[in-house]
Amino acid sequence: MDAAKETSWEPKIITFLCNWCSYAGADLAGVSRIQYPASTRTIRVPCSGRVNPLFILRALQNGADGILVSGCHPGDCHYLSGNYAARRKFSILAGLLEHVGIEKERVQFSWVSAAEAGRFAEVITEITEDVKKLGPANRMVKKRVH
Amino acid sequence: MENLSKEIREAVKKLFEEDKVDLVIGFENGSLPLKATPCFIRNIDDIDRLVWNSRCENNLAVYLTKNKGKIGIVAKGCDSRAIVGLMQENQIDRENLVIIGIPCGGMVDQKKIEKSLQEKEPLEVKENHDSLVIKGNGFEETLKISDILYDNCMSCKHRNPVIHDVLIGEPVEEQDDVDEFAGVKAFEEKSSDERWDHFVKQGEKCIRCYACRNACPFCFCEECSVDSSQPQWFGKSIALSDTQVFHLMRSFHIAGRCVDCGACVRACPMDVDLRFFNKKIEKDVRELFSHEAGIDPEAAPPLNTYNTDDYDDFIKS
Ligand code: SF4
Ligand code: SF4
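Heads up: the sequence lines are chains A and B, in that order.
Read in order, the letters of the first sequence correspond to residues 200 to 345 in the numbering used here.
Read in order, the letters of the second sequence correspond to residues 3 to 319 in the numbering used here.
Okay, chain A solo, but in the shape it has when bound (with noise of 0.2 Å):
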């Protein structure tokens, strides 16, 4: 990559949002007009526990450079325990990815409410340099093999 581009590269991150809480922290950073890196493309999900880890493979193969879950605090599941579940699922896939050599500042989770405007900013630019610095995804990146 010349030098040109690579200044000019910015990370696409996909963001896996709870509706209930990291979904409107969000749109509260948003209408508090809080400033946070453009570099993420939101998908809004009913709970973190609803994100197979499939979501998460199929955007990285997809050309995605970093992946966020976020989801209610424990306790504050809108479905009493969807959040747990999801711990307990990603934490063994965090695990497994690092295993196989994604770096583990590919993939993120985090614990995000409402009212918490500010810290999802903050997420966000925290994820936006961790990927900088990793630089364009490739690893499981699909590639046409002809």
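These are computed hints drawn from the structure, not numbers from a lab.
Predicted model only: the values in this text are computed from it and were never measured.
Think of the CB as a built atom: it goes at the ideal place given N, C-alpha and C, for glycine as much as any other residue.
Please note that the accuracy of each hint is not assured.
As the list claims (entries may be wrong) - Which chain B residues face chain A? A few, computed with CB under 10 Å, are given here: (1) Glu176; (2) Phe189; (3) Glu196; (4) Ile283; (5) Asp312; (6) Ile317.
Given chain A, put chain B with the ligands in place with the hints provided.
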């Protein structure tokens, strides 16, 4: 070994006579001298087909979710753990299942045998207590069983069935000192690039035949998500990435369930290192959720439950 085969036949005969079973799943001699193969006994006249030796490697529990009625099953350590796992998932009609447990000294690795024999073709095999005597045209080789076991058998900690209704033979000594996670730990020491390279190599070998899935007692879904075309969850191309996604999801789907029976590894025609994935997940499940698969029929599968104070450090908050 002859004695154990005989003991199995006697136990099975009794089960048929007492009308406790309509079907017994066990092993018989295969068509090649070194092979044993699963067999399905539906008639008391056929019980002499049943054998037991160090080549009875298949995990027979895979057939339990595919057969109905009163079933008897020959179960070594790992088969019995798979049965317990299936009980946890309500896949077993326990009332109608007779578990014929058999302590296991480990199964011999066909590829390791091939290697020691080099190009020579085995025509006859005799099994002693701790060795195999293999004969062929102009040669005779004695191989020590403990040297040629499958990798998973070498690190197996449950050679004795964890559940049984009838027990054949005598309990064997457990290998309490082995570190079943030595392989994973060695990988954890390596750099991310080295682990990625290994992952790529496995993906490149895989031909997506799904034999690993078919052999696994825990892959019992009526429609596998890999086969579904509406919606099509998995990319079907030969791109490496599609194969890698398959491997990550296959191993994720057996998280907290895999009993390291090695059936997938043996089924694979391409020598894909499936334990690279399985053992990592098994280790994490053990460390994070204190769960060991296939031990306690009453335990909840770890990804079906949670604690409010589960590991949380990997999540920003
Ligand atoms: S994943 Fe492989 S080792 Fe684990 S239970 Fe299934 S067949 Fe056995
Ligand atoms: S059995 Fe081997 S080659 Fe076939 S799909 Fe599984 S890993 Fe791939």
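Each hint tested on the structure:
no.: 1; hint: Glu176; result: violated (27 Å)
no.: 2; hint: Phe189; result: holds (7 Å)
no.: 3; hint: Glu196; result: holds (8 Å)
no.: 4; hint: Ile283; result: holds (6 Å)
no.: 5; hint: Asp312; result: holds (6 Å)
no.: 6; hint: Ile317; result: holds (4 Å)
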